[in-house]
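J.: Residue strings, one per chain:
There are 4 protein chains.
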Amino acid sequence: MVGGGEGAFIGAVHRMAAALDGDWRLTAGAFSTDAGRNRRTGEQLGLDPARVYDSLDALLAAERALPAEARIDVLAIVTPNHLHAPMAIAALEAGFHVFCEKPMAMSVAEAEAIAAAAKASGRTFALAFTYSGYALVEEARVRIARGDLGAIRLVQVEYLQGWLSAPIDEAGNKQAEWRTDPARAGIGGCLGDIATHAFQLAEHVSGLRAEAVAADLTIHVPGRRLDDDVSALLRFGGGARGTLKASQVAAGEENGLKLRIHGERGGLEWAQMEPNTLTLRWLDRPAEILRAGGPGLSDGASGLLRTPAGHPEGYVEAFANLYRGFAAALRGESGGWFPGVGDGLRTMKFVEAVVANAASDRKWTRIDPGESV
Amino acid sequence: MVGGGEGAFIGAVHRMAAALDGDWRLTAGAFSTDAGRNRRTGEQLGLDPARVYDSLDALLAAERALPAEARIDVLAIVTPNHLHAPMAIAALEAGFHVFCEKPMAMSVAEAEAIAAAAKASGRTFALAFTYSGYALVEEARVRIARGDLGAIRLVQVEYLQGWLSAPIDEAGNKQAEWRTDPARAGIGGCLGDIATHAFQLAEHVSGLRAEAVAADLTIHVPGRRLDDDVSALLRFGGGARGTLKASQVAAGEENGLKLRIHGERGGLEWAQMEPNTLTLRWLDRPAEILRAGGPGLSDGASGLLRTPAGHPEGYVEAFANLYRGFAAALRGESGGWFPGVGDGLRTMKFVEAVVANAASDRKWTRIDPGESV
Amino acid sequence: MVGGGEGAFIGAVHRMAAALDGDWRLTAGAFSTDAGRNRRTGEQLGLDPARVYDSLDALLAAERALPAEARIDVLAIVTPNHLHAPMAIAALEAGFHVFCEKPMAMSVAEAEAIAAAAKASGRTFALAFTYSGYALVEEARVRIARGDLGAIRLVQVEYLQGWLSAPIDEAGNKQAEWRTDPARAGIGGCLGDIATHAFQLAEHVSGLRAEAVAADLTIHVPGRRLDDDVSALLRFGGGARGTLKASQVAAGEENGLKLRIHGERGGLEWAQMEPNTLTLRWLDRPAEILRAGGPGLSDGASGLLRTPAGHPEGYVEAFANLYRGFAAALRGESGGWFPGVGDGLRTMKFVEAVVANAASDRKWTRIDPGESV
Amino acid sequence: MVGGGEGAFIGAVHRMAAALDGDWRLTAGAFSTDAGRNRRTGEQLGLDPARVYDSLDALLAAERALPAEARIDVLAIVTPNHLHAPMAIAALEAGFHVFCEKPMAMSVAEAEAIAAAAKASGRTFALAFTYSGYALVEEARVRIARGDLGAIRLVQVEYLQGWLSAPIDEAGNKQAEWRTDPARAGIGGCLGDIATHAFQLAEHVSGLRAEAVAADLTIHVPGRRLDDDVSALLRFGGGARGTLKASQVAAGEENGLKLRIHGERGGLEWAQMEPNTLTLRWLDRPAEILRAGGPGLSDGASGLLRTPAGHPEGYVEAFANLYRGFAAALRGESGGWFPGVGDGLRTMKFVEAVVANAASDRKWTRIDPGESV
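As you go down the protein sequences, you meet chains A, B, C and D in turn.
The numbering of the first sequence is my numbering, which starts it at 1034 and goes up by one.
The numbering of the second sequence is my numbering, which starts it at 1034 and goes up by one.
The numbering of the third sequence is my numbering, which starts it at 1034 and goes up by one.
The numbering of the fourth sequence is my numbering, which starts it at 1034 and goes up by one.
Hints may contain errors.
Example chain D residues on the side facing chain A (calculated, C-beta under 8 Å, incomplete) [as the list claims (entries may be wrong)]:
#1 Leu1078
#2 Leu1080
#3 Glu1287
#4 Arg1324
If you're looking for bench data, these hints aren't it; they were derived computationally from the structure.
Positions of the beta carbon are idealized from the N, C-alpha and C atoms, including for glycine.
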């Protein structure tokens, strides 16, 4: 693992997620550029001090030198955004698989470089679009893919947080600080941090590709350098229409990721904060409530669950499903899904299209200029 | 009352709403151009057959000829949209107050003509933006007006219905038929029918004016002549950003009008299908649930309620609040609020701006070209 | 109407409920023993002063003397409990139908006297068990009656209010005062006031008869003379087991009447504060949400609704359904259901059984000693 | 670990819960009396084959013989109920701490024997009353303990499952089979399996002791040998009144554990299926929604959480909190709470009191006959 020293949030989540099913063991790390913090983190995690490295370079060099069965298999990257691409490329080129925090990179160009490095090295790149790991998200995907809703007409996705409502980035909050710093976060603030989750979820579940976007990108908190609020209209292939709303200044909201998709015959709704429920509403019959562990789930969704109905699974379990799927894929087992290069590239194109559109007087911007719309 | 014969929906609602508090009595009508239907409706309602008229013209002429204390005070107009303006103007000019179904008219020009007629006649024009009659909507308005949320940053409003998902307008459904016919509905389908409710509610509660709109107007059901789906971004005065989503092809949805507004310090949420609850979420303290009849309500909201906490009031009661407010205003009492000419004009400008924007490649269209943005 | 002067709660509800559908008109009343209050109430309601009487006796005598087509048809009784029986009997004997507030009477003996008076006079007695007037309650009843859930095993009903948590009855609250006075309320406080609603609803919807009860009757507020809290176990015919919880000291609760019934194949849940939803849960398939106006409703339930799906109907509409059903029955129309003598007698037997059981060391008390269990 | 072989449910949960925070490592086990199953489980878990034992006796003997730093610290017991006491006593006497599935034992006498063994050996006994590990349960406990609600008047707890609605115990379902077999489950079916959870939660959170119970114990599924449905009235010290409902034949219900407690000034509600929310309702101000990770939580509750607000934690995390608390206590850290001997003894007394009361004609049975009521 690179990054994730004492006090960091997402590194600890990766460790819990990887530990949950017993598929993974943390054996080496370069957790912090602060030597003391790095060492202490290694100790707290019970690592062999010899495998707690000063830098990613040191880690890669030393691990490569170990016998194949002793060295790490996968590098988990949990650093701020600007380090994702160089680190991922270095690890892939050193022969290691990579499990990377999102967003994939700072730009489409960087993301494409990762994709090329993965291809050249024959190693696998996984990306932590955590929310697609929930069982009921998979159920939603399956239901749409098999046509239960008919042709899709509407895709509404939103992701509302409120924690950046005040200028805490200027008051020393580390999580806030790097996320609002273009040098470390990239060209998008809220856009890169959470709108990408929303976009990936919408495309992943709907099975559709967004072709064009019209967006409004706003900085509500004075002095902030990156957007803290995103509103967008989307046009999907096949004629579906979408809205995407993401905000980190929706004061009082927690982590409100919600997806609603309607087709000719009905609609579905899933909300991350009550993740074990999927509501299906129908034009001509009563709404149905699908529940984790309950009757009516597809095999794919059921396979992502660990407990019987009514024993809630949460965020860590969804995250663990990605690690589990990644492990299964590396073992060559079928059915081991995880988000990867494709998801990452699409979201980087979305980020660049939104930024371009927001600066333009023209209504629509194509998300993938290389594609014919 | 003009319109609202046997089988019509909204006419019956007006009658229930007006009856509820005992302020109004239905004494005359021209319910249908079908003579039999007109007569039968009058009978069912227990009217004096002499006051069941063949046409609005006949009604106005005859009622005007009655002594002042015997004639009607107010004409309720519950016809399809294209008749609103000519009938309202005729009634106002004949000296009667008007309570009109929304939308106000077919165009801004027509709406302005009504406004002029009201002014010239000294009569009052009320408009059935029903949803602003709910007590908890008033509470939301009061809370924002007095600054509880701080400066407003986000306004999200949505109105999702599914009943036009299939081409029922071509299969003889009368409610659907006229709503999708440009000659009777106007230039907006879903836009005129329900997006106007959403827009009025957003401006009414937020106390803000939307200055510009970027919109996507879609016909999802093949063969339909008017939009059945609206997506829009809004820019409000003062820097708030908005999204407005309205659809009549969100299969499985009922009458899902929902408003969320966030300011610097917190946000509020109100949903029409559970109208007796208003949720307030705060940046720095636990969320609060305000309930009809419960502690913490303003006097204004409490005054709109008829029953103690936990005895749900619904759509008819909200509607009745408009009739009650209108009656109070006509009696010269203070505090008798009802939507009127101002609300109607704003929504007609919104409709025209959306239609113009949807046909344009430019991103933003001003809602009121006469205003400096 | 007798009772329901200025400031009274339930009288106004009766008037709104009766007005809603245009079936009824209030023409006479004895609203208060306070002459000024009585007169003012009549004026506010627009009544002919000649038909605003000093007393029920005066009303009955005068109305009886009017020609049949001019006199009242039905007397609505909205006084405190101790007056229900003498007034109902007087009205029935005078040849008028009666629509009475619940509870029916102060005792089983009084209830039986009303039943006898109704029978002897050939007049009809209706009882305001309001909650059985909701459309989704009717749907629940129909579903169970037609066997959707299989044989019933569990009946859980609860009715939680908090408004008597503090000793407001000693602080001049009139609603609280008479409800906690044995002379006016009877032998049950919370028991008579709201547990009776819960009991009637449970029997009405389940179609089962409770045979025996084990109860705990408590006075939580020091100095109060009647119970403010009821807990009971019920045994129903056919082997179903029940729990009934009613409280008026559940601080913070509003009017939380909730019914859950489970059978061999599934269960249903209905809650008065969200009355337009009925949840059906199944052993072997996803839960379904039935909604007022939505697909899947029986004709009986649909017939109790006035508005399309998503336009919430509430307490007044449920109440109006009883008045509408009563009107239909008096007109001899089929399908006009309303609660009457049977419901009233059962609940009075329940009240007496609970009071007896609560004073006893024996676990079970039969609800109808005259029945063979 | 003893028990928890392939296919068992709760053993896997214990393993995930123990792994989550990195406090524990599984090093030895006797997973099944079936040798092949035992061996395969050990392999799947990556254990040293030498520490996968044929029996608990073998495990205890061999581990005891290891050097202190190599042997196990704690034995997790995840077998059917009838083995809890003998195994716990054997492990305690062999010098190991014990983390035991609930219920503690088959009888009060057995539970007391465990308590004595723990005392004699100086080892610690922890009991998997999982639900008391949720952060919002701790918050509820803290709020009541510090008097927010005032004196407690009502305690309502329910635990509804539906999975035993059909006779699946006779159709080969292993989970169902032993739970309905008196030889393995004890004198209570639903009573021992889930009513004990409800009872422990009610006492733990309210801080009150139930003194007497009046109960109805039912077998709804013909042929079943133990109760599948429990209804009980409770009288608590200090005058609070309680109801407890537990059922495993509430068809369609999942794992519906819900606790409501009301005091003089307000009430709280917590439901296991949405465990990250605690609702507080007040007599004189709006209801508040406390959320995991949100503002207003006590330090104790916050300390049980791993992720920020809006990232749901679930059943495994609650379970892990017990393992974490147990680890902290064994390390001698303050604040490391876990349920233990006291909780276990109380629930066994409750079980015996309910069984005795259900067979009696007397209304109330004391839960702890040794206590003065």
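J.: Taking the hints in turn, state whether each one holds.
T.: A quick look at each hint next to the structure:
1. Leu1078: holds (7 Å)
2. Leu1080: violated (11 Å)
3. Glu1287: Check passed: Cβ of glutamate 1287/D comes within 3 Å of chain A, closer than 8 Å.
4. Arg1324: holds (7 Å)
Consistency with the previously given hints fails for number 2 only.
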